[in-house]
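Peer 1: Sequence:
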Amino acid sequence: MKMHYTKIGAALLAAGLASLSSVAWADGQVEGINGTLPSASFPFPMAGVQGLSGDGSVAVGAVRTAATSYLAFIFTPGGNSLLPAFGSDQFSLAYAASANAAVVAGEGSASSGSSRHALVWVKTGADQAGTPLYANGAARLPDLGSSNLASFAYGVSADGRTVVGADLGANGLAMHAVKWTNSGDTASATDWAATTTTSVVDIHGAGFTSSKAKAVDASGATVVGEAAPASGSTMHAFRWTAAGGMVDLGVLANHTGTLATSTANAISSDGSVVVGYSTPGTGTSYEAFRWTAAGGMQGLGFMSGGNSSQAYGVNGDGTVVVGNGSRPIPAVPTALGGYAFRWQQGVGMQYIGDWLAANGVAVGSNSFSTALAVDGSGSVVTGMGQIDGSTQIYLARVAGGGTTGGTTGGTTGGTTGGTTGGTTGGTTGGTTGGTTGGTTGGTTGGTTGGTTGGTTGGTTGGTTGGTTGGTTGGTTGGTTGGTTGVTTGGTGVIGLSTFEATLAGWYQTLNAIVQRYGLSLWGSHHRTLMDSGLAMNEGTGIWVTGDYAEHSRDEDGRQSLGEVGVFHDFGPAWRLGVGAGANQVRQNLAFNGETRAHGGYLVAEADYAPFGRGDWVFSATALYGDMDVTVRRGYLNGAALDASGGQSSARTAALRLRADRHNAWQAAGFDWSPFLSLSYSRTRLDGYTETGGGFPVAYGDQVISNQEMRAGLVLKKGLDVDTDLRLGGEVVAARTETDSVNGVLLGNGGFPFSFASTRDNRSWGRLLLELDRRVGRASVLSFALHGANRGNDPDWSTSVSWKMAF
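Numbered according to my numbering, the sequence shown terminates at residue 806, and the numbering increases by one at each position without gaps.
No lab work stands behind these hints: they were computed from the structure. Each residue gets a CB set at the ideal place from its N, CA and C atoms; glycine is no exception. Each hint should be verified, as a subset may be incorrect.
[As the list claims (entries may be wrong)] Here are the computed lysine to any residue pairs in the SDA-like style, where the Cα-Cα straight-line distance is at most 20 Å:
#  : residue 1 : residue 2
1  : 717       : 669
2  : 717       : 661
3  : 716       : 757
4  : 717       : 536
5  : 717       : 630
6  : 717       : 668
7  : 717       : 783
8  : 716       : 664
9  : 716       : 533
10 : 716       : 731
[Said to hold, decoys possible] Derived DEER-like restraints, expressed as beta-carbon distance ranges:
#  : residue 1 : residue 2 : range
11 : 195       : 285       : 17 to 23 Å
12 : 655       : 611       : 48 to 54 Å
13 : 598       : 655       : 21 to 27 Å
14 : 230       : 112       : 20 to 26 Å
15 : 194       : 698       : 41 to 47 Å
16 : 194       : 386       : 46 to 52 Å
17 : 68        : 88        : 14 to 20 Å
18 : 674       : 798       : 22 to 28 Å
19 : 194       : 88        : 44 to 50 Å
20 : 700       : 296       : 48 to 54 Å
21 : 113       : 187       : 31 to 37 Å
22 : 242       : 365       : 50 to 56 Å
23 : 230       : 698       : 54 to 60 Å
24 : 202       : 256       : 41 to 47 Å
Can you build the whole structure from these sequences, using the hints too?
Peer 2: Given below as structure tokens:
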């Protein structure tokens, strides 16, 4: 469906310049493509995105498998995969997808040098990761005539029932624009391939010698592309409808001569506005155009100081156009460079950087080279640029009003549309309700409020009279204007590669919570309850512990906890203890972001000494806790630091099994005690929605699990009758796993993103220095210091505890 967005040019794909993080656009959503290419089997692992489904869920394009060979590919937040080949085809390209990606259009051939045939792929379901499956394979669309020389499919309507492209089969001499319509089951590859259910119509005409259809509107009723007039060897933009046939849109009035050329690149959702560019045919001067039935082809001019422009995208109602053009290079004002523009009716053409700056964005040294697409509202633009010091895809947007826009748009659109429409009556209600509801709701609250309020208020008010005009104009203008104002998100610009790195901060947050419970298991509970250090080590007792730890390997983080508990002996072989604690975490994140978490936990331990407490001790320790978590995610918004934040809750359950052999041997004046432990923990952080900042996101649930095996040795030596010195060392092997995490960038231009499940194996070492100081036979104070070189344990931690038996 090539409306509201334009493909990232075929030249990029052919040159292999588009990376896996390429972006395409449709209906207000831009898709961040993540994942890996099958580079092990493909010697030229390049990828290009040609189109995007209207719901933003699937991008389509191709991966390069050899120097001149490509295979059709789909890119989704859940994963990427090749589209199945048609027959024995070794070459394929996907160009466009329907609104829900149920139908994908493209081309295939036996090899890169063979003649092409138009193809569609139909969706049959999705795998567990949400990646669409097209298991029925590709269907070859019917050809014109019987020559079957070559055909291409370039565009798909929103409902997936209409495909447009070109076919050489009419006379075997020239390409003709064609339109395929499936009157059967669009989910059936068989129906797409059958002439009984899929008709192919040659829409070529108007005296052209050749033509190619490039895009189709939402309903499939209007087609645009380029065609060669009978006079001259150039191409002209055309627009086709069933009623009017193929109409030559000509060239701009100032582009005269037989070499003058034009092409249509995009079409508004209702087919009324066509955009592209025209050239006089000499030199390299192009001028973007916007065509309407009322005004014909109108040049959009140039950016200040420039002499060239080309339009590649148009918003839903055709009032905003984006593309590329020339303007003076800031560092060398006498030279012209390529830059991105946004043109708006009543405003004119602006460099994207100027548009952002005029709306309060600190652009800094960022620059914008291309504008490839615009969303349905016209408030969001994407393309390529030099962002944050690297070449990457940018997403720029200007909010439609935020919270104020939502409130004002809802109230004003509703009140004005309702009152005026209701009071004035039928005819005036249609005019005034439409105009006032549309203008006020649109200006104050946003595009949707304006369009819906205006259209519904106007149309319904005019048709059914004052009462309906008041009700419908007011309700629709108010509700839609209010809702849209709230969900437009903030204003600013981000580089998607840089921004994606900040989205991954969820892992640091989750890991910090896991490490908090690690501090409890291996800080305050780094020794068993039976190994208390008490002189009177029997009966009933209590403990009080405080721990503090710092991490510096993964940004700066700090943890602290306090814990109290009671233990009791059940005979000489068993000791059971229960405790409760409170802890907190503070973790620094990139770009001045931060995670703060605090909560409580319960801990229980059972120790068993079958041969006496100075021999083998087997223990099991269980822990459960929850935390309130506040996350502030920082990021660059243009040249300025920005932040969005959210709140959530986390729950952790952990179990540790441990075996100690106390006083296994003596050497160098120390008692040597080895131990071995296995532990498992699982933490779930509830999904949350950020607020504030220019680019808030919503995260789904996040789950992390950790398995550890520790083997260590503790050396104990009495310094005097009441003081013991302990030295220890241990090695740790851990496996940390995360479930996949999904999320969405909120507001206009929002896109879904995902992080695949991960498995990380680590190993590290840790050292212990500890002193026990007994105060009489029934009380002991312990001071412990731990240090680790890497892994999940903190760089250093300290623990102070007091135990008393009674």
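Peer 1: All hints, please: hold or fail.
Peer 2: How the hints compare with the structure:
1. 717 <-> 669: 7 Å, holds
2. 717 <-> 661: Given pair residue 717, residue 661 holds - Cα atoms ~16 Å apart, limit 20 Å.
3. 716 <-> 757: Not satisfied, since the Cα-Cα distance of roughly 43 Å exceeds 20 Å.
4. 717 <-> 536: 18 Å, holds
5. 717 <-> 630: With Cα atoms ~45 Å apart, residue 717 and residue 630 exceed 20 Å; violated.
6. 717 <-> 668: Satisfied, since the Cα-Cα distance of roughly 9 Å is no more than 20 Å.
7. 717 <-> 783: 15 Å, holds
8. 716 <-> 664: The hint holds at about 11 Å.
9. 716 <-> 533: Judged against 20 Å, a Cα distance of about 11 Å means the pair holds.
10. 716 <-> 731: 19 Å, holds
11. 195 <-> 285: 17 to 23 Å: 46 Å, violated
12. 655 <-> 611: 48 to 54 Å: For residue 655 and residue 611 the Cβ distance comes to about 24 Å; the hint is violated.
13. 598 <-> 655: 21 to 27 Å: Because 23 Å falls inside the window, the suggested range holds.
14. 230 <-> 112: 20 to 26 Å: Because 33 Å falls outside the window, the suggested range is violated.
15. 194 <-> 698: 41 to 47 Å: The hinted range 41 to 47 Å holds for residue 194 and residue 698, with Cβ atoms some 44 Å apart.
16. 194 <-> 386: 46 to 52 Å: Since the Cβ atoms of residue 194 and residue 386 sit about 50 Å apart, the hinted range of 46 to 52 Å holds.
17. 68 <-> 88: 14 to 20 Å: 18 Å, holds
18. 674 <-> 798: 22 to 28 Å: 24 Å, holds
19. 194 <-> 88: 44 to 50 Å: About 21 Å separates the Cβ atoms of residue 194 and residue 88, which means 44 to 50 Å is violated.
20. 700 <-> 296: 48 to 54 Å: 49 Å, holds
21. 113 <-> 187: 31 to 37 Å: At 33 Å between Cβs, range holds.
22. 242 <-> 365: 50 to 56 Å: Given about 51 Å between the Cβ atoms, the range holds.
23. 230 <-> 698: 54 to 60 Å: 56 Å, holds
24. 202 <-> 256: 41 to 47 Å: Since residue 202 and residue 256 have Cβ atoms about 31 Å apart, the given range 41 to 47 Å is violated.
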